[in-house]
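Take these sequences, add in the hints, and give me the full structure.
For the sequence shown, the tail end lands on 322 under numbering that gives the first Met the number 0, and the numbers increase by one without skipping.
Hint data in this document are derived by calculation from the structure and do not stem from the laboratory. There's no promise every hint is true.
[What the hints assert, rightly or not] Using 25 Å as the maximum straight-line C-alpha spacing, the simulated SDA-like pairs for lysine to any residue come out as follows:
| # | residue 1 | residue 2 |
| --- | --- | --- |
| 1 | Lys60 | Glu313 |
| 2 | Lys119 | Tyr11 |
| 3 | Lys27 | Val3 |
| 4 | Lys27 | Asn65 |
| 5 | Lys60 | Ser38 |
| 6 | Lys204 | Phe146 |
| 7 | Lys92 | Ala40 |
| 8 | Lys204 | His161 |
| 9 | Lys120 | Thr196 |
| 10 | Lys92 | Gln64 |
This structure is a prediction, so every number in the text was calculated from the model and none was measured.
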Amino acid sequence: MSEVLYIVVPCYNEEEVLPETARKLGEKLDSLVGGGLVSPASRILFVNDGSCDGTWAIITKLHRQNPHFSGICLTRNRGHQNALMAGMMECRKRADIMISMDADLQDDIDAVDRMVEEYKKGHDIVYGVRSSRKTDTFFKRFTAEGFYKVMKALGVELVFNHADYRLLSRRALNDLAEYREVNLFLRGIIPQLGYDTAVVPYERKERFAGTSKYPLKKMLSFAFDGITSFSVKPMRLIINAGVLVFLVSIIMMVYTLNAKIGGRTVSGWTSLMGSIWMIGGIQLLCLGVIGEYIGKIYSESKHRPRYRIRENLEEDERTPEDE
0 MSEVLYIVVP CYNEEEVLPE TARKLGEKLD SLVGGGLVSP ASRILFVNDG SCDGTWAIIT
60 KLHRQNPHFS GICLTRNRGH QNALMAGMME CRKRADIMIS MDADLQDDID AVDRMVEEYK
120 KGHDIVYGVR SSRKTDTFFK RFTAEGFYKV MKALGVELVF NHADYRLLSR RALNDLAEYR
180 EVNLFLRGII PQLGYDTAVV PYERKERFAG TSKYPLKKML SFAFDGITSF SVKPMRLIIN
240 AGVLVFLVSI IMMVYTLNAK IGGRTVSGWT SLMGSIWMIG GIQLLCLGVI GEYIGKIYSE
300 SKHRPRYRIR ENLEEDERTP EDE
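Dropping the structure here:
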């Protein structure tokens, strides 16, 4: 018997691109069902992440027209990672396999076939990995590749050039449900599941319509969340910086004593002021990093739900533990 596939698509203000996305995904699902690769019970699950345009109206219309389209609507905007998690936790009750992808049509839909084939070979996790970044600007390419290298240097296990285009089996989804943190960074969590994995390379395309929902500010915030969620090396760097500053302060103390004895105290004014500014800047930076970790501990300690579902177009089978 063919497996039930759910394609989970987080959506935030995607009314411009959603009709075309639905058309192409619908055609792909029909071809997979027709070829016997997946069950006719398979679905495309759109997750409305608190959109303030007509996104949810389009999703509900698609569901009325075709039962292969389904959707859930969150009570408010909770961010891409939480919206994606909501979709994955909902579909794991019905799906044998799940594929997540963005709504902007930049991910190659044809890679879905190869992902399903890799699953049938025994891989519980299949990563969609960009084969190149030719469509990116120099700044985007430089910062993105730099992010992966920095994360690797900090000891975080990531798949290079992989975003959130991936396949997970049901047992991988069930294990993922045990990760309870509120500050989600799925690119770091998924590799920790430990199942057999495969990689499907693909060419990323230009966005079909609309604007990117990840401007520079959000990209930097996302990157910092990933670092602080999976590595304590920044804290260790603070210790190293403290030791370094302490050693420098000893050298400066010897220097100032020599300057005092030699009557050259006025000439040392520049180095003194420079040292004060440098130490003050390092202290503020260190306090900021420590504060970020304390803030995450504070958020996690409250055990608030990651999301709330306002409406589910399929039969509502949720339990309190799923949130």
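Right, here's what the structure says about each hint:
| no. | hint | verdict |
| --- | --- | --- |
| 1 | Lys60 to Glu313 | holds (14 Å) |
| 2 | Lys119 to Tyr11 | violated (32 Å) |
| 3 | Lys27 to Val3 | holds (14 Å) |
| 4 | Lys27 to Asn65 | holds (14 Å) |
| 5 | Lys60 to Ser38 | holds (23 Å) |
| 6 | Lys204 to Phe146 | holds (21 Å) |
| 7 | Lys92 to Ala40 | holds (13 Å) |
| 8 | Lys204 to His161 | holds (14 Å) |
| 9 | Lys120 to Thr196 | holds (10 Å) |
| 10 | Lys92 to Gln64 | holds (24 Å) |
When held up to the earlier numbered hints, the structure conflicts with hint 2 and nothing else.
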